[in-house]
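Student: Chain residues, written in single-letter form:
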Amino acid sequence: MTRSPHDWRLFLLPMAALASSAHAADYLTVAQAQVLLFPAAKDFADQTLKFDDAQRNRIKAAAGVRQRTAEQKVWRAERDGQLLGWFIVDEVIGKHEFITYAMAISPDGHVLGVEILSYRETHGGQVRDASWRKHFAGKTLADRFKLDEDVPNISGATLSCRNVMDGVKRLLVVHKLFLAKA
Amino acid sequence: MRELRRMRPLLGTFVEVGARGLNPAKALDAAFDCIVEAQARWSFQDPDSELSRLNARPGQAVPVHRQTVRVLRLAGALMHGSGGLFDCTVGGALVSQGVLPDHGGPPPLARGDASDIETGHRWARLRRPVRVTLDGIAKGLAVDAAIMALRKTGAQAGWVNAGGDLRVWGDMALPLHRREADGRLTPLGALRGAAVASSRAQSPGAAPDPCFPGRLVAPPGRPPQPGVWTVMARTAWRADALTKVAACATPVDREKLVAMLGGFLLGGQAHAMPSA
Chain Z
1 MTRSPHDWRL FLLPMAALAS SAHAADYLTV AQAQVLLFPA AKDFADQTLK
51 FDDAQRNRIK AAAGVRQRTA EQKVWRAERD GQLLGWFIVD EVIGKHEFIT
101 YAMAISPDGH VLGVEILSYR ETHGGQVRDA SWRKHFAGKT LADRFKLDED
151 VPNISGATLS CRNVMDGVKR LLVVHKLFLA KA
Chain W
1 MRELRRMRPL LGTFVEVGAR GLNPAKALDA AFDCIVEAQA RWSFQDPDSE
51 LSRLNARPGQ AVPVHRQTVR VLRLAGALMH GSGGLFDCTV GGALVSQGVL
101 PDHGGPPPLA RGDASDIETG HRWARLRRPV RVTLDGIAKG LAVDAAIMAL
151 RKTGAQAGWV NAGGDLRVWG DMALPLHRRE ADGRLTPLGA LRGAAVASSR
201 AQSPGAAPDP CFPGRLVAPP GRPPQPGVWT VMARTAWRAD ALTKVAACAT
251 PVDREKLVAM LGGFLLGGQA HAMPSA
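Line order of the protein sequences matches chains Z and W. So for the first sequence, our numbering puts the first residue at 1; every next one is plus one. So for the second sequence, our numbering puts the first residue at 1; every next one is plus one.
Worth double-checking, as some hints may not be accurate.
Below, a sample of chain Z positions facing chain W; criterion: calculated Cβ distance under 7 Å [as the list claims (entries may be wrong)]:
1) W8
2) Y27
3) V30
4) C161
5) V164
6) F178
Derived from the structure by calculation, the hints contain no laboratory data. These figures come from a predicted structure and were not determined experimentally. Ideal placement from N, C-alpha and C gives every residue a C-beta, glycine not left out.
Excised from the complex, chain W in its bound form (with noise of 0.2 Å):
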């Protein structure tokens, strides 16, 4: 058995992919295609990626890979059960706050619900002009991905961690620690066979934080809680936008949504990284 360790620039983050097998390196290629496609399938800053498309075409059925059609459900599924906590049709408030590009179409609406994503057999349709974001999810969906693929090159174990969505599979436990609002870091455990993401919310207002550049929106009259919010799940995806629920719902509901809908919220206001 061997075990290698590489890492990419991808996703605008650090993509770093290890793996555990006869062939680690057959395992590494396999996964890193994987991030790469998911990029270019659902990159928003991308105006040639799918999602592109699908945003300057409301109203029109847009040919799309099967994996687009998965997200997009899993999205839906994921807005419809979080009761718009988490939201993926808020593409248009981010344009128009010049937070994401503007590749045209028309104006778009500032937000949507789930009902504005319809999808088909490798189809897709925007029954309004809101424009989809994918920021939240897709990620953490990549992730998997990827981890589904060097699992397939017949890998014993492997992980894949894009700048801190990260997900460990098979007979590998990886050391996982949370850095405190002071700093200091706290080990946590380490993860096996699950997924962890952490998403940061600032105060409205706040100046960018260049290591944290990620802005969420926040249904009307709910500011996201400051802080950063990290989730564990059995998936990546599910990870990724269930810290955008943690950061959004009240702190009466939090725990208890997160765990409703698949996830564990880990320590409140910290963030967890792997230590590897």
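This is chain Z alone, in the form it adopts within the complex (with noise of 0.2 Å):
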């Protein structure tokens, strides 16, 4: 062993066995969510929508991946009567994960934050090395969001990631479509 400045040992203590090997948290519940996305808003009107198979074709055909499910947890954000944004709750299922995510969209359609509510792996986690992106702030339905242009796909998101951008996009759609005339 070679010789080094520090005794590294001092900064990896002994640990008796884990308890759990897989990767699970919850971080926010949706309230808690809520406050932090929109922290000016008094009101959550609930305006859960429900997609007939027409509907989840034309977002499928807008956003180009598949809407899931046929009903969509949507809440509309107020102070005093008007209108703040959009607060969405959805889940994306990656290769070993789930991941349940709210996302805030002002009125004109841009995306106000991101914040992950729990985050499970079905059989562990593994480390990602991923490369940057732009973050999802400021996006609009008018930028560019192809994952070939905007994320290289080699260099680029992890899949899981990936898959969090696609529900990005997917519910920028759904407010176009849906909600941005309500």
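Dock chain one against chain two, each of which comes alone in its own frame, and use the hints as you go.
Tutor: Here it is, written out as structure tokens:
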């Protein structure tokens, strides 16, 4: 063993067997995420959307990804009757993960923020070495959002992070088709 | 004392931040703000980042944030110290392979050397048309900046994990385990007051692995040793960068070189992850 200026054992403490090998975490409840993403809002009015097959096909055609569920949980964030934006809860399934996330969209269709609510790996975690990409804030449907251009496939996002991004794109389409004029 | 943690999709991965203190929510906000700023400055993908503006104008002094000056100086020093095993001037090669996007500017050299990057007080200049990519160091530095930011809010302890680039600070220990090549998990211990990072090097010509999309560019004639390389260091930027050195070093030099540059190689070709 090469001598090092540090005794690295000081930084890696002995540990008994691990309780669990899988990574699972609940970060925020829906109510906590609402306050975090719309701190100025006083009311969150439930406006859950229900889609028929034709509507789901329209979403898929515009977003390029399937609307898996016939129901989408949506809330109107309001303050004194004024619309501040839309709060949407969605779920994506990665190769090994179930990810529930919340997204805030401004009335004019910009992403205000994305927060992970819960993250569950189905059989343990894998360290991800992903490269950079633009973050979601400020994205609209007018922006480039094609994975191969915006996030090069090889150096870009990880599989499950890509699924969240596809979800964000799909929810922007849902906003445009069903919420923008509501 | 309260403890909180949150996760957001940032830096092309999931970034988890945890903090303990009287106002952990404030600490988390400060830490995430830092990561968002780092992404806006150092993203190769974003044509409007400081890095892209620098890459587009070789020969010109480009005004940049002092943190950008810092990351360029650290990258240059490590390039020099590792004899080019760590190399942040390989953006041109990655652009020509189609791995990274081309935002315009003069046709780039495939790679350069440490002397191609010149920095001053809040400015930087590329002496030749190289394309700098900070992928091997900036995620770690973003983690360090986020740790600093949560400390400044008065938090007692915390951690930041950007897709495996992990740093723990204060009176807190985070259990780590390592995934072996056969998928088994080996407990490594609990990380305290230090950082770990992992990079995967693939065999030349291997199909891209969507779970490990990073691509290492080794010096000519020195293909990276395939495997997942995990390094511990006091700071995340150093751990991050030294994984690239570990992947490209010869087996004889590997451990010694990583130690000389301030890191500690953790158990060869396997990788560690927090098991919080």
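Student: Each hint needs a verdict: does it hold in this structure or not?
Tutor: Hints, verified against the model:
no.	hint	in the structure
1	W8	4 Å, holds
2	Y27	5 Å, holds
3	V30	14 Å, violated
4	C161	5 Å, holds
5	V164	5 Å, holds
6	F178	24 Å, violated
Hint compliance for this structure: hints 3, 6 are not met, and every other hint is.
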